[in-house]
Structures are given as C-alpha cells and as structure tokens.
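Chemist: In case you want the letters, here they are:
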Amino acid sequence: MRVEITVNGQPHSREVEPRQLLVHFLRDTLSLTGTHVGCDTSSCGACTVMLDGAAVKSCTVLAAQADGCSVTTVEGLGGPDGLSPVQEGFRQCHGLQCGFCTPGMVMAATALLTERPDPSEQEIRDGLKGNMCRCTGYQMIVESVQWAAANGGAR
Amino acid sequence: MIGSAVPRKEDAALLTGRGTFVDDIHRPGLLHMVYVHSGEAHALITRIDADAARALPGVVGVWTAKDFAELPARPSVPGLERSYLAGDKVHYVGEPVAVVVATDRYLAADAARAVRVEYEPLPVMATVADALAPDAVPIFAPLESNLALEQQVTPHDVADELDASPHRLRARLVNQRCAGAPLEPYGVLADWTGAGPTIWATVQAPHRVRAEIAERFGLARHLVRVIAPDVGGAFGVKSSFMPELFLAPELSRRLSRPVKFVETRGEHMVHTYHGRDQIQEVEVGFDDEGTILALDVTLTVNTGGVPDPVGIALATLTSYMLGGCYRIPKIAARFRSVVTNTTPTASYRGAGRPEASFLIERVVDLVARRLGKDPADVRRVNLVQPGEMPYQTPFEGIVYDEADYPAALDLLLSRLDYAGLREEQERRRADPGAKLLGVGLSTFVEMGGFGPTPLFEQFGYIGGWESANVRLQPDGSAIILVGTAPHGQGHQTALAQIAADELGVPFDAISVLYGDTAVVQEGIGTMGSRGMPVAGNAVRQAAADVAAKARLIAAHMLEAEGDDLVRVDAGFQVKGVPTAEVSLAAVAERSFKPHLLPAGTGLGLECTSYYEPSNLSYPSGAHGCVVEIDRDTGHVHVLRYVCVDDCGTVINPMTARGQIHGGVAQGIAQALYEKVSFDADGRPLAASLEDYMVPGMLDLPSYETHHIETKSSFNPLGAKGLGEAGATAAPQAVVNAVVDALAHLGVRDVEMPCTPERVWKAMHHAS
Amino acid sequence: MIPAGFSYVRAGSVQEALAELSRHGGAARLLAGGHSLLPAMKLRRAEPGVLVDIGRLRELSYVRRDGDQVAVGALTSHRILERDPVVAEHVPLLAAAARRIGDPQVRNRGTIGGSLAHADPAADLAAAVLALDGVLVARGPAGVREIPAGEFFTGPRQSALAADELLTEIRLPAAGGLAYAFEKFSRRALDWAVVGVAVQSRPGGRTAVALIGMGPTPLRAVAVEEALAAGTPAAEAKSLAARGCEPPDNAVASSSYRAHLAEVLVGRALAL
Numbered sequence: 001m002r003v004e005i006t007v008n009g010q011p012h013s014r015e016v017e018p019r020q021l022l023v024h025f026l027r028d029t030l031s032l033t034g035t036h037v038g039c040d041t042s043s044c045g046a047c048t049v050m051l052d053g054a055a056v057k058s059c060t061v062l063a064a065q066a067d068g069c070s071v072t073t074v075e076g077l078g079g080p081d082g083l084s085p086v087q088e089g090f091r092q093c094h095g096l097q098c099g100f101c102t103p104g105m106v107m108a109a110t111a112l113l114t115e116r117p118d119p120s121e122q123e124i125r126d127g128l129k130g131n132m133c134r135c136t137g138y139q140m141i142v143e144s145v146q147w148a149a150a151n152g153g154a155r
Numbered sequence: 001m002i003g004s005a006v007p008r009k010e011d012a013a014l015l016t017g018r019g020t021f022v023d024d025i026h027r028p029g030l031l032h033m034v035y036v037h038s039g040e041a042h043a044l045i046t047r048i049d050a051d052a053a054r055a056l057p058g059v060v061g062v063w064t065a066k067d068f069a070e071l072p073a074r075p076s077v078p079g080l081e082r083s084y085l086a087g088d089k090v091h092y093v094g095e096p097v098a099v100v101v102a103t104d105r106y107l108a109a110d111a112a113r114a115v116r117v118e119y120e121p122l123p124v125m126a127t128v129a130d131a132l133a134p135d136a137v138p139i140f141a142p143l144e145s146n147l148a149l150e151q152q153v154t155p156h157d158v159a160d161e162l163d164a165s166p167h168r169l170r171a172r173l174v175n176q177r178c179a180g181a182p183l184e185p186y187g188v189l190a191d192w193t194g195a196g197p198t199i200w201a202t203v204q205a206p207h208r209v210r211a212e213i214a215e216r217f218g219l220a221r222h223l224v225r226v227i228a229p230d231v232g233g234a235f236g237v238k239s240s241f242m243p244e245l246f247l248a249p250e251l252s253r254r255l256s257r258p259v260k261f262v263e264t265r266g267e268h269m270v271h272t273y274h275g276r277d278q279i280q281e282v283e284v285g286f287d288d289e290g291t292i293l294a295l296d297v298t299l300t301v302n303t304g305g306v307p308d309p310v311g312i313a314l315a316t317l318t319s320y321m322l323g324g325c326y327r328i329p330k331i332a333a334r335f336r337s338v339v340t341n342t343t344p345t346a347s348y349r350g351a352g353r354p355e356a357s358f359l360i361e362r363v364v365d366l367v368a369r370r371l372g373k374d375p376a377d378v379r380r381v382n383l384v385q386p387g388e389m390p391y392q393t394p395f396e397g398i399v400y401d402e403a404d405y406p407a408a409l410d411l412l413l414s415r416l417d418y419a420g421l422r423e424e425q426e427r428r429r430a431d432p433g434a435k436l437l438g439v440g441l442s443t444f445v446e447m448g449g450f451g452p453t454p455l456f457e458q459f460g461y462i463g464g465w466e467s468a469n470v471r472l473q474p475d476g477s478a479i480i481l482v483g484t485a486p487h488g489q490g491h492q493t494a495l496a497q498i499a500a501d502e503l504g505v506p507f508d509a510i511s512v513l514y515g516d517t518a519v520v521q522e523g524i525g526t527m528g529s530r531g532m533p534v535a536g537n538a539v540r541q542a543a544a545d546v547a548a549k550a551r552l553i554a555a556h557m558l559e560a561e562g563d564d565l566v567r568v569d570a571g572f573q574v575k576g577v578p579t580a581e582v583s584l585a586a587v588a589e590r591s592f593k594p595h596l597l598p599a600g601t602g603l604g605l606e607c608t609s610y611y612e613p614s615n616l617s618y619p620s621g622a623h624g625c626v627v628e629i630d631r632d633t634g635h636v637h638v639l640r641y642v643c644v645d646d647c648g649t650v651i652n653p654m655t656a657r658g659q660i661h662g663g664v665a666q667g668i669a670q671a672l673y674e675k676v677s678f679d680a681d682g683r684p685l686a687a688s689l690e691d692y693m694v695p696g697m698l699d700l701p702s703y704e705t706h707h708i709e710t711k712s713s714f715n716p717l718g719a720k721g722l723g724e725a726g727a728t729a730a731p732q733a734v735v736n737a738v739v740d741a742l743a744h745l746g747v748r749d750v751e752m753p754c755t756p757e758r759v760w761k762a763m764h765h766a767s
Numbered sequence: 001m002i003p004a005g006f007s008y009v010r011a012g013s014v015q016e017a018l019a020e021l022s023r024h025g026g027a028a029r030l031l032a033g034g035h036s037l038l039p040a041m042k043l044r045r046a047e048p049g050v051l052v053d054i055g056r057l058r059e060l061s062y063v064r065r066d067g068d069q070v071a072v073g074a075l076t077s078h079r080i081l082e083r084d085p086v087v088a089e090h091v092p093l094l095a096a097a098a099r100r101i102g103d104p105q106v107r108n109r110g111t112i113g114g115s116l117a118h119a120d121p122a123a124d125l126a127a128a129v130l131a132l133d134g135v136l137v138a139r140g141p142a143g144v145r146e147i148p149a150g151e152f153f154t155g156p157r158q159s160a161l162a163a164d165e166l167l168t169e170i171r172l173p174a175a176g177g178l179a180y181a182f183e184k185f186s187r188r189a190l191d192w193a194v195v196g197v198a199v200q201s202r203p204g205g206r207t208a209v210a211l212i213g214m215g216p217t218p219l220r221a222v223a224v225e226e227a228l229a230a231g232t233p234a235a236e237a238k239s240l241a242a243r244g245c246e247p248p249d250n251a252v253a254s255s256s257y258r259a260h261l262a263e264v265l266v267g268r269a270l271a272l
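Chains as they are written, first to last, in the numbering used here: chain A, 1 to 155; chain B, 1 to 767; chain C, 1 to 272.
The hints are simulated quantities; they were obtained by calculation from the structure and are not laboratory data. Ideal placement from N, C-alpha and C gives every residue a C-beta, glycine not left out. Treat the hints with caution; some may be incorrect.
[Unchecked claim] Now the in silico label distances, taken between C-beta atoms and shown as ranges:
#, chain 1, residue 1, chain 2, residue 2, range
1, C, Arg243, A, Thr114, 42 to 50 Å
2, B, His26, C, Arg243, 54 to 62 Å
3, A, Ala150, B, Ala570, 31 to 39 Å
4, A, Arg2, C, Gly49, 19 to 27 Å
5, A, Ala150, C, Val86, 33 to 41 Å
6, C, Val86, A, Glu123, 21 to 29 Å
7, A, Thr114, C, Pro233, 40 to 48 Å
8, C, Glu226, A, His12, 42 to 50 Å
9, B, Phe507, C, Val86, 56 to 64 Å
10, B, Gln151, A, Ala150, 55 to 63 Å
11, A, Glu123, B, Pro72, 21 to 29 Å
[What the hints assert, rightly or not] Partner residues aside, some chain A positions facing chain B, computed with beta carbon under 7 Å:
#, residue
12, Asp40
13, Cys44
14, Phe100
15, Arg125
16, Gln146
Sequences are here, hints too, so could you generate the full structure?
Modeler: Right under this line is the structure:
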C-alpha cells in the first residue's frame, strides 16, 4: 500500500507492506536511524517519536496508521544552528551515556516540556516513565530536563 | 583538564540521532539472519523440517548444526567445546537450533517461524538442586555429571578457627540471576569481501573478537577487521562469544553478501548470557566485639546449559574478594559450577565481585544483629586501617591499594545523619500509622583496573595491558588511538582530558578513536573497570613521550636547551624570555620537516605506549541506603541513597558521577526488582521488558554522591576505576536497609529481589 | 518482533467498518489505537488476516453530557479522558483510572473502547467503568445493543462483543460531586496492576467497588458492597474484598498476596 507521511517537514510517499511498523519505515525505508528499537513490548520508549505532535512509541504504530500524518524524529530537533535546548540539556548535565535510549528520551522530554514548560522533578519522572535507560540511573536525565526547562524549553 | 567536569565529546552525534549502532549500518545487498530458538529446555532434536521455510519468498537459506560441523568450536572451556547451533539435543530454552537468512528482516522472521523442529523431551533440571540430585542425568554431553567444575580455592579449611571462635553463625544467601539488559541488544553485521571479513559488532573487546574469528577461519589477523561502532550499553554481557559472531561472517562468506543479525528483546532475554546466580553457604566465627575471626564459604554457581569459559570460573573472583574491606585472618573458600537447563551465565557488571561484597556485607550485618550491636560499629572494628595499606589479603596476589576505609564510613555516617535516622526509626516503630524506616550500610571494596597480564590471560585475553597511540597533526591538534572499546563510559572525553594535560594541546583539539582493529594498534577492551587505571595510563605515557619529543624540537627551534623551556598556553617559552616562544602548532609542523630537525630526530610527533598495570586496583567506599516500608503491602521505597566512593584520581567528576549513578541503579534493581527466573519446565518467566523488571524513572531514587580521593600507588595516574563500584556496593546496602527496617519483627534475611510480596511475607512469617 | 502479514483496510465510517467485519468473518480484527492488538501481533499471539483500522473515525472520539449520563466515544484516547473537563466534573473516577495507564506515549494512542474490548483482567479503565455501572454500546449487523459493564467481561481477554460488532460508546451515569477513588498497586510504575480498585459512591449512599487483577475478568466486590449497604463500617467491610474471587497465582504475585492487596487497597479506597 502507498503511504504519505511527512517526516521532519519533508513529505515522503512510499509503497509499504501493511504490517510495516512506523519505526521500520523511519529506519529502513527512510534511513532515519536515530530512532531506535529496544524492545518488542512498548516498554522501553527508545522508539519514541512525535506523531502529529503527540509522543508515541513508533514500534507500536503501523506505518499505515501514520499515513497522512506528520512525524518528528530526533533528527528533526535542533538544526544547523545547534542542539535544541533539550539536547543541549542532556549534553550539559550528562543525561546520556551509551546514547541508545537517548533519542527516545529526548523526544519524550520535548513532548513533556511542550505541555509542561516548568515541570517539577516528580512531573519529569512521571512524564518520562515510559522511557527506560540502563546507564544513567535517571537522575542526570531529570537534571537535563530541568536544565532544558530553564534554557528555552521544548523548542 | 584532569578533574574538570567538561561535557562529553561523544554527545553531539548521539543526541541528534547521528550515532552509528550496528543496526544503523546498511551495506548494499544486505541479508538478514535470524535464529530458530529452542522452545524446549531439555530435549533430543528428532527432526528439523525447513522445507516450508525455504519455499517462502525472500528466503536465501536455512542451516542447522551439521552445516557448520567443519567450523572449529566457539571459544570454550577446553574439553567442553560449544557448538554454534544445537546438534542432537537442546540444553535450554532459547538455544539456537537453526539459522535462517532472508532478504529482509520481515521475511526472515516469517521463515524462522516456518521451520518445524520436533523434539523428544528429556527430564528438565532448571535448578542446581535438581541438576545435582542423585538421579540427575548429565545435561552437557562431555560431562559425566552436572558438576562442571569444583574448585577448592584455598588449600586449607578453617574448622579449627571456627571451633575456637566465641561465636559462630551460618547463613545461606542467594545472589539471584540477573540480565544485563543493555538497551541495545546484541548485533553483528559481517561482510566478507575479498580475502576476509569485516565485522561490525556490539562487542567490548574487538581485538580479542578478531583473534577468535581469525583462528576459526584459519586467517591471518590482518585479514579480519572487527569494528565496535557505537555500542548501546554492554555491562559485561557483550563480552561473551555468541555464535552469531562467527555464523554471520561464515554465512557472508558462503553467500558472498553482507549478513546482519540483530537480536529482538525477547530473544536477548533468553539468548544473551545472564549474570550472577550464586548460592552462598557461609559460616563465620567472631568474638564479643564482632571481630571476625574466620570465614568458611561454599559457592554454588548456576552456569546454565552450556558452560561459558568465563562464567564457569567467575566464582574465583568472588572467592578472592570474600574478605571485603575487613581484616579477616582466615578464610576458606570453595566453589562448584553446575550445569542446568537454563541460559548460560557469564559476566555482568562486576562479574563475581558484587557477589562477594553482598556476602560479606550481609554477614557483617548478621553478626551485628546476633551480638545486638550497631552494624556501623561492627564494621569499624573489622575495617582494614589506612596504615596497613597496601594490604595483603589471605589470598596470594590479592593486595589492596591505598584507601582509607574508616574515613569513608565516617563520611557516610555523617552525610546520612546516622544517629538521627536511628531516632527516627524508633519513633516510626512506635507509631503504627507510620511506614517502617530502615538504614543499610555497605562498606565495600572491589577489583578494578583489570588487570595484570597473568590474571587476564586466564580469561582468554592476550594480556591485561592497554595501548595508546598519540599522534600530533601538523597543526598541533592530536589524534589518539586507544585499545579500549567503550560503550557509554565516555573515553573520548576522559582520555582527551588526560592527554590535554600531558601534551599541552587544548581539549577541543584532541580526538580519541577506538573500536576498529584496522585502525587501532593491538588493544584489549573495556571491561573490569579498566578504562582509566589501565588505558588512562597508556594515554598518559604516550602523551608524555610525545610532549618530551616536542620539547626537544621546540628547544632546537628556540636555540635553547630542553630543560630551559617552560610550558605556556600556546606552546613553549624560554624560561624568563617571553619573546622567545614557539607554538605547539609550529613545533608540530616542524616535526614533519626533516631538514629542520635536530640531527638524529625521527620524523613526526607520535608515540605508541602499552601500559601494563603492576596489579589490580581496588575501588572502595561506603554506601548507605534509607528505605521506608509500607506495613500493609510490603512495598519498599528508597528514600535516600548516599554514596561515598574512592576511585582514586577522578578524571571527570561529571562522568564519574554518571558511572556511580548507573552502577547504583543496577544494584538497587537487583535488590528490589530484577530476577531472571524459570518455571519447573525450564521455561523463562522473564522474557520481555514487561516481565523482567528493569526499573523506570519513578522506581529509582536520586543519589547523593561524595568522593574520597586516595590515589593508588599501583599506577602513575592514581586511578582505580569506578564502572562497577555502584553495582557492587548497592544490592547489600538496600537489602541491609530492608532487613534493618524489619529487624524488630524478627526478620533476619529477605531474599533478592525484595519484592513487596517477599517483604510482606517476611514481616508475617518471621518468628 | 514482526507481525505476520495481513491486509489492511481503513474504514471511513462505522458502517464501512461493520461491512468489512461482516465480509471477512472471524478473520478480521478492528484496529483502534493498536496498543493491545499490535503488541500481541508482534509476539504472534494474534495473527488476524485483516485489520480494519477505525482509528480515523473521529466521530467516535468525544465526551458528551447526555442528560444524567456521560457518553464517551469508544475511540476517545486515555489522554483525553485524563484532561476532559466533562469527565473531570461528572465521572472523575474515569480520569483517575486513565491517568494510571502505562505511560504518556501509550495514553496518547490507547483508546477506551480498545482497552475495554481487549478485556484484560487488569485493565484500569475496566475497573472504573464497572464501578460506574457503565453501559457499553455495540453496533453490529443487527443494529445497536447495550451491554451493561457487569455483563461485558466474560473471561480472560474475552468479552460479550461479537466478532462482527464494534464498540461505539460507553455510557456512564454522571457521578459529579460523589466520592470516588482509584487505587492501583503495580510492581513498577509502568506496569499493569497487580491489583487495582475503583470505588464510586452513588446517589442514595450506595457504594460500588470494582477490582482488577483479582480473577479472570475485572469484577465487582459484591460482598464488600453488600456489607457497606448493610451498614458495616468500611474498616470491616474491606476484609471481604477477596470473597468469591479467584485471583491468579503466577510469577507476578501469588493469589494469597493478591487477596491481601485487595483488602488493603479496598480499605484505602474506602477511606477517601
């Protein structure tokens, strides 16, 4: 089947199998490999992207379901001028180690700050509870999001 | 730069989705390989029917064990050779039985499901008790029983010392099976072009992988290129020699196309090796003050269905560390490694040492409880004193480096407000509406800086050293090639900090490369907390040699003696003559001009250094955990977690903090959440992240971190390593806190993970 | 993990969806948010031949006050339930339960109809709808029928919904201003309930108590409700929480611990 999906502002029209998962559409079809797959059960959040502005786990969405929609991936944050405030926060506060969960974590954090520009620690933890990190123990991720909130927010 | 909390060089790519993990790599003509895994824990394979699978669209082929009979066995315990795929029988659920290659990952998944395997079930022995029962049948064919290895680590027993002790007690402790569960599962991409393969793989020791692959294919090593690209966490579990490391290149060779294998998470949970899984039987003798006089320990390790050469012997490290940071005059230790119908076990963060630390720290608390003394006081009477360092333990060759264990404990107690917590605990015990409060201590020491070559050779490595090549570019910037293979530790950053200080080159003008055997000189890898204590010293030495040569060239340029020069920001200056100055860039450029160099000076500014540590290093510290327990549900909430760590010289306080946090998080996870378990039929009960309890953001606390910096005299940098310290310290800090909270109810132990149900049952079944 | 192949149809209307269901017989499954079905398909626990995507039927995403009831469209996402002012005012229990589901990403996609139709015995919304005495509106070839929540859940992941029926609406008696509570005990914050309790006071002083994780289906704690109706103090009535329940005994929790949790959580919910 044919799908038309706008990714990071670029429209794409592609023939896909109905069973193709959105995450594989992004990674394999469009070669946007920043979005990762960490589990099979919608548990880890490494595949988090924005679908029409809402954070979703792209391993649990069919490409077919995203037909006609707009997707933002980690590659769509920031720009030639540098990192987005959330990305910069993770760099400043060492919110990443191996970096594998990071794109999903950054997308979920961006979605959180869009809704709650000044979240408490509890709200950050609640807002990112669908994203697992095995390296950091999370505290420096919390600090990264706090840094971002104080330095430009969800931009 | 050493000691400065600079942001990491690694981050910009990883934060923008421009990292390169194995599954991100595409090669023209790429094929996808998947396994057919055993769904039976113990069974004979009577038939494999792959005809239907072969007929599916996009399927290139299906192979079984007999198709790889010519390939020499995987790295194995001599005499216990491991095949790539199960042959006549399967030993555990998840063991690969067949391999399928197709043109895309979807078609490969379909084909794998179409392969029909018929089994004749055999009795399943999912526990060591079952596997050691008198009527148990041997699981792994070369062995005549399920006792794969029995080792008396110490030649003597301590029966006399125990008999002579005023008090003695016995305990049986369980260090449960855990999964490393890095967020990126295992992956390999092999492309055999021309004379040999290039292999991108999620590994921790690319040169070792190269050696093992070259040996199996009868190739000279220069023809095999192994690249560890960005690796999404490893925690030891990416150091095992999984069959795909060899099958992917072999299939690429046969098919003349690149072949990629990437685990699914469900597959990772049963296929990649687990860690821990040790039963500890201990008897301790002590006096009225709690001074420990003798310790007798028998460890039983569940090695799983196919013994791994590292996993089978990890209890050696547990044995060496049994004394913890205490002066225990007599220790007797032995261990048994037992084959069962479960996934094999091998390294997981700490690999043998957390088990030891858990044992001795639980024992100290049990001793304190028996004597009615405060656990802090019992620790204090047993701690090795700073004046006794370096401290020779009862184990030959195990010598602790400089540290101040009592100072770490004192700092911890003051940061905790220990006395205040004890008062609060009493107040809450008296108030039936309040949650119970518990405080747990863990004064720990572990091994870092693996390790002198004679030790590391025993784990199959060519050596225990590490290598670094430091090379100035003609513009004065520097490229460093290092033999480690980090996966989150931040070596690009920390090693550049070390080099910046030695070279006088700005941090931003240094790049650190690793993980490619075609680029990097021989190296060992990243495991055993060896980054800073071993690789850090290699970089330091190489950089110092380069700096010394730069000084000679600068002196020649300035027409002075080397000793007369001082280092300034830009380069070198003749002492006291600000106008006589030359930049490092000019020196670097000059180093490539043979006609302008002092006579006899070789071209370029480059040095390769191999650093062999004189011994292991011994990171130590004192961690404290405060928990509150819901009286109604048994739920444990970690209120505070306080760390005092002594990792020697801290290179980058920010990444050091990250390492401590991450290790502690995994330790708390072991204490409260995680366990890989199997039912009586050997079927895994935790084969996804829904069932295996990797904690999330709301499940873990914030951590308070403090450092005591006692430089190690065992290496010039004075670093001890810290990647495994948190995971070593935390489990018993938490368990001691849980037991402490319930002590007034008569509870003496709660097995890990201390789930609400277990805690609740302990509260209600304690005598 | 890859789902088996299927053909995909996007329904443009409820009529179209029903026609597709009829056309394919039992081979077709409805796809709403997909957060129950797609994971099952990836693990190949479900291999439907046809997926009928009803995710675009915006007409089924709404919350409306309708007399003394609140009507919730079956495709209303958990996220909307969390925030909708009508829900907050008239059936706040539903918002309290929605807030505890999974994580924000899951709540953005998951729908109330999908969750109920999947009939997981530990589904948070099921407890709320049961305690609210909701009525589930289904449309099929034979027309519309209303199924009381108490009759909807028939077994583990089994419901009274026929294979050719589509859940369109959930009708909930407005309960604004009345006491309610949702208590959930899970292993990790992210997890399904080990045991959960929804409590809703009714006009006239009756109290409804629903449990999840305590049997093959979400269920009502009838013994507790009757005891409360007879004037038994909550602190005593809670001890009847597990009466008549057959809680599962598995790796997540033993049946005895679940029974104990039910008592504790019912006690807490009733204390609010």
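Chemist: Taking the hints in turn, state whether each one holds.
Modeler: Here's how the hints hold up against the structure:
Between arginine 243/C and threonine 114/A, the C-beta spacing of about 47 Å keeps the proposed range 42 to 50 Å intact. Between histidine 26/B and arginine 243/C the C-beta distance comes to about 60 Å, which sits within the given range of 54 to 62 Å. Range check, alanine 150/A to alanine 570/B: about 36 Å between beta-carbon atoms, so the 31 to 39 Å window is met. Taken as a hint, the range 19 to 27 Å holds for the pair arginine 2/A and glycine 49/C, whose Cβ atoms sit roughly 21 Å apart.
As the Cβ distance of alanine 150/A to valine 86/C is approximately 35 Å, the hint placing it in 33 to 41 Å holds. For valine 86/C paired with glutamate 123/A, a C-beta distance near 24 Å keeps the hint of 21 to 29 Å intact. Threonine 114/A and proline 233/C have their C-beta atoms about 47 Å apart, which keeps the hinted 40 to 48 Å range intact. Separated by about 60 Å at the C-beta atoms, glutamate 226/C and histidine 12/A break the suggested range of 42 to 50 Å.
A beta carbon spacing of about 58 Å between phenylalanine 507/B and valine 86/C agrees with the range 56 to 64 Å that was offered as a hint. The hint said 55 to 63 Å for the Cβ distance between glutamine 151/B and alanine 150/A, and at roughly 56 Å that hint holds. Checked against the given bound of 21 to 29 Å, the beta carbons of glutamate 123/A and proline 72/B, roughly 57 Å apart, lie outside it. Hint status for aspartate 40/A: holds, given a least beta-carbon distance of 5 Å to chain B, under 7 Å.
The beta carbon of cysteine 44/A is positioned within 7 Å of a beta carbon in chain B (closest approach about 6 Å), and the interface hint is therefore held. Hint status for phenylalanine 100/A relative to chain B: holds, with the closest Cβ pair at about 3 Å, below 7 Å. Residue-level restraint check for arginine 125/A holds (minimum Cβ-Cβ distance to chain B is 4 Å; threshold 7 Å). Violation of the interface hint for glutamine 146/A is found here, the shortest Cβ-Cβ separation to chain B being roughly 12 Å, above the 7 Å cut-off.
Consistency with the previously given hints fails for numbers 8, 11 and 16, ordered from lowest to highest.
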